[in-house]
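Asker: The primary structure of each chain is shown beneath.
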Amino acid sequence: MIDRRDLELLERIQTGLPVCPRPYAEIGRCCDMPESEVIERLARLKQQGLIKRMGVIVKHRKLGYRANAMVVWNVPDDLVKQLGGHMSRFPFVTLCYRRPRRPGWPYNLYCMIHGKDRATVQQQLEQLAAACGLASFGREVLFSRRCFKQRGAVYKNLATAAETEVAHG
Amino acid sequence: MDNLDKRIINALQGGFPVCDAPFRQVSLTLNITEAELLIRLRNLRANGILTRFGPLYNAEQMGGALTLAAVKAPEDRFDEIADIINAFPEVAHNYARQHTLNMWFVIATETPGQVRQTIEAIEEQTGLTVYNMPKIKEYFVNLKLEA
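Chains as they are written, first to last, in this note's numbering: chain Z, 4 to 172; chain S, 336 to 482.
Next comes chain Z alone, as it looks inside the complex:
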């Protein structure tokens, strides 16, 4: 369970950690908490999964990742779990989700491949399809054309400072 002090802490660090030698001590000063308590609480929140990870979140386009394909597959429902598990183990697959089918949109398994050029992404896609036995299933590849919005550091509230970072670029 998390308490009010945990929430205060999460709110304090949502826009980022201070880049200084003792960042957790600095946060502690703002929350009126000793450094050791900040570390203990953050370690627990990480272990509980509320913090998925700590680290850097990059603007992938600035790193040269411009060929970003969302690949959607129409696979039998009884295979989706197995195929999702298999697919997500490929290092070039950057996200993998099961989602509901919709009228006129039969796809139920989604993966993202972030690449620097389309030819490489196409090759990786063929490799993935062959290795996972996906060749006979319907699929579509939706390359991104333009990024209108990739929300950065400032969130109105805590709950939305979440895992949307790379989401579907």
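Since the hints were made in silico from the structure, they are not lab data. Even for Gly, the Cβ is constructed at its ideal location relative to N, Cα and C. Just to be clear, a hint being listed does not mean it is correct.
Stated by the list, open to error - Computed footprint of chain Z on chain S, listed as stretches where at least three residues anywhere in the stretch have a Cβ under 8 Å from a Cβ of chain Z:
#1 339–350
#2 385–396
#3 425–435
#4 468–476
On the provided structure of chain Z, position chain S as indicated by the hints.
Answerer: This is chain S only, laid out in the frame that chain Z set:
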């Protein structure tokens, strides 16, 4: 961005230690001084290569809600539709994609009910059907974009 910047980004995408002197610990694995690491990170942040240096939260565990949604925006109304959708603070990302479903966006809100409300408001303001495709299951990936 030089080789050292790339090594720093690659190392820190894998995680950041929770201990009293975390930058010193990372600098040791990179074979540089703590001071140099701090300078590099400040620069990478100032240049906008890093959008954030800190925690990535689990939205659902925080009580929040997320969904992926898409619309079929007619070519002649494309920019207008993009402006309407981007004006919603609940829309965290929005990408144009090559397909008849040509605009894909992520809605992130504090509660599941607000996702529904946001979708209804977008449908009302655009006159388009919003395809709502929330995740049913996430398969774990080790997300890391090699710099």
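Asker: So, for every hint listed, does it hold in this structure?
Answerer: For each hint, the structure was consulted:
no.: 1; hint: 339–350; result: holds (count 5)
no.: 2; hint: 385–396; result: holds (count 11)
no.: 3; hint: 425–435; result: holds (count 10)
no.: 4; hint: 468–476; result: holds (count 9)
Hint compliance for this structure: every hint is met.
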